[in-house]
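Going down the list, the protein sequences come from chains A and B. Read in order, the letters of the first sequence are residues 1 to 131 in the working numbering. Read in order, the letters of the second sequence are residues 1 to 210 in the working numbering.
In case anyone wonders, no lab produced these hints; they're calculated from the structure. A few of these clues could be false.
[Said to hold, decoys possible] Covered, in the sense of this in silico footprint (three residues per stretch, anywhere, with C-beta under 8 Å from a C-beta of chain A), are these stretches of chain B:
no., segment
1, 45 to 59
2, 196 to 206
[Said to hold, decoys possible] Quick list of the computed label-pair ranges, beta carbon to beta carbon:
no., chain 1, residue 1, chain 2, residue 2, range
3, A, Gly105, B, Val171, 46 to 56 Å
4, B, Ile160, A, Val96, 25 to 35 Å
5, B, Val171, A, Thr49, 48 to 58 Å
6, A, Val63, B, Leu120, 21 to 31 Å
7, B, Met172, A, Ser50, 49 to 59 Å
8, B, Leu157, A, Phe100, 19 to 29 Å
Ideal placement from N, C-alpha and C gives every residue a C-beta, glycine not left out.
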Amino acid sequence: MTEARYDRAPGDRPSREMQASAPAPLFVYTTGLFLAVLLTATSFWAANTSLLWPGGVALGLAVLAIAQMGVHLVFFLHVTTGPESTNNVLALAFGVLIVFVVVAGSMWIMADMNQNMMMPSAESINLHMQH
Amino acid sequence: MNISVAIDSAPQDALPSASEAGPAPKRIVVAYGFWIFLLSDIVMFSALFASYAVLVHATAGGPTGAQLFNQVTVAIETACLLVSSYTCGLMSLAINSRRYLRTYFGALITFALGAAFLTLEIREFASMIAIGATPERSAFLSAFFTLVGCHGLHVTLGLIWLAVMMVQVAVMGFDATVQRRLLCFSLFWHALDIVWVGLFTVVYLMGVSP
Numbered sequence: 001m002t003e004a005r006y007d008r009a010p011g012d013r014p015s016r017e018m019q020a021s022a023p024a025p026l027f028v029y030t031t032g033l034f035l036a037v038l039l040t041a042t043s044f045w046a047a048n049t050s051l052l053w054p055g056g057v058a059l060g061l062a063v064l065a066i067a068q069m070g071v072h073l074v075f076f077l078h079v080t081t082g083p084e085s086t087n088n089v090l091a092l093a094f095g096v097l098i099v100f101v102v103v104a105g106s107m108w109i110m111a112d113m114n115q116n117m118m119m120p121s122a123e124s125i126n127l128h129m130q131h
Numbered sequence: 001m002n003i004s005v006a007i008d009s010a011p012q013d014a015l016p017s018a019s020e021a022g023p024a025p026k027r028i029v030v031a032y033g034f035w036i037f038l039l040s041d042i043v044m045f046s047a048l049f050a051s052y053a054v055l056v057h058a059t060a061g062g063p064t065g066a067q068l069f070n071q072v073t074v075a076i077e078t079a080c081l082l083v084s085s086y087t088c089g090l091m092s093l094a095i096n097s098r099r100y101l102r103t104y105f106g107a108l109i110t111f112a113l114g115a116a117f118l119t120l121e122i123r124e125f126a127s128m129i130a131i132g133a134t135p136e137r138s139a140f141l142s143a144f145f146t147l148v149g150c151h152g153l154h155v156t157l158g159l160i161w162l163a164v165m166m167v168q169v170a171v172m173g174f175d176a177t178v179q180r181r182l183l184c185f186s187l188f189w190h191a192l193d194i195v196w197v198g199l200f201t202v203v204y205l206m207g208v209s210p
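Let's have the full structure, built from the sequences with the hints guiding it.
Structure representation (structure tokens):
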């Protein structure tokens, strides 16, 4: 029993010893490319079509982009749920949390400030003058 | 007393955990450190994305995204970067099996596609600046050039890195050090493609969709 349970280096594929049934590497990359092309093509189609309800296009594009990022992580960077890549996944999860806080927080705060710092319109100034 | 009992009763057939087996191999430590760097790089990009999203309507009477962006160019750029990510993966397979010719070939295609992406992006920037859509024109354009330009700068650095790595492969062969550096390069290149997915969606597609 000399082999230790080391973590897997990010970007390394699961070795054949760890997982005898691992699919062929070329197949993994090609599947990833196929899925990514499919998602990209759908994104470009959704942005240009008039068949969809315009209000939902932005949300759909965001979902497609997140799905494609997942495809890249799984098929190109070989992120798995296995115990040997727990550290990689935890670091990734923390990064995603920070990204979410920065983007969503900034947009929320700035939208709120835009609303509250709006220049008073001409009518409301006149109303104040009359008092 | 209780502690020794606990150790004695531990299952004997379990593999020693990483902490019991001593420090991890250098390949794992280096790649993990680079993984942390990439995540911090993505956090930096998230700040640029956030400022772009806040400033996207602050055009100051200047041109908007819908007037400036050419979807065909963006589609070609996206295809270049996606396929170069794929060939980078094929290159790392060739590196793991220590095949020189396939490694050089994969690196050549990856470099060519990356360079094509960069050329298209520079031409896009040049055409925008030629019609007066400079970074000084509006807050929207400042944020646009910062975000997209920062990604382009990363691609430039990646191309230089790839060229340097091929020289190292030619001079030093598939040394353990060279293999670690190549692993870090492939992580970097795939991460750039992930950033580009967010970029073309937020900047180009949401910018022109009705």
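Results of checking the hints against the structure:
1. With a cut-off of 8 Å between beta carbons, the segment 45 to 59 of chain B has 7 residues touching chain A; three or more are needed, and the interface restraint holds.
2. Residues of the segment 196 to 206 of chain B with a Cβ under 8 Å from some Cβ of chain A number 7, which satisfies the need for three, so the listed coverage holds.
3. Checked against the given bound of 46 to 56 Å, the beta carbons of A/Gly105 and B/Val171, roughly 48 Å apart, stay inside it.
4. The given range of 25 to 35 Å is respected by B/Ile160 and A/Val96, whose C-beta atoms sit roughly 29 Å from each other.
5. In this structure the hint that B/Val171 and A/Thr49 lie 48 to 58 Å apart at CB holds, the actual value being about 52 Å.
6. Taken as a hint, the range 21 to 31 Å holds for the pair A/Val63 and B/Leu120, whose Cβ atoms sit roughly 27 Å apart.
7. The hint said 49 to 59 Å for the Cβ distance between B/Met172 and A/Ser50, and at roughly 57 Å that hint holds.
8. For B/Leu157 and A/Phe100, the Cβ-Cβ distance of about 27 Å falls inside the hinted range of 19 to 29 Å, so the restraint holds.
The structure agrees with every numbered hint stated previously.
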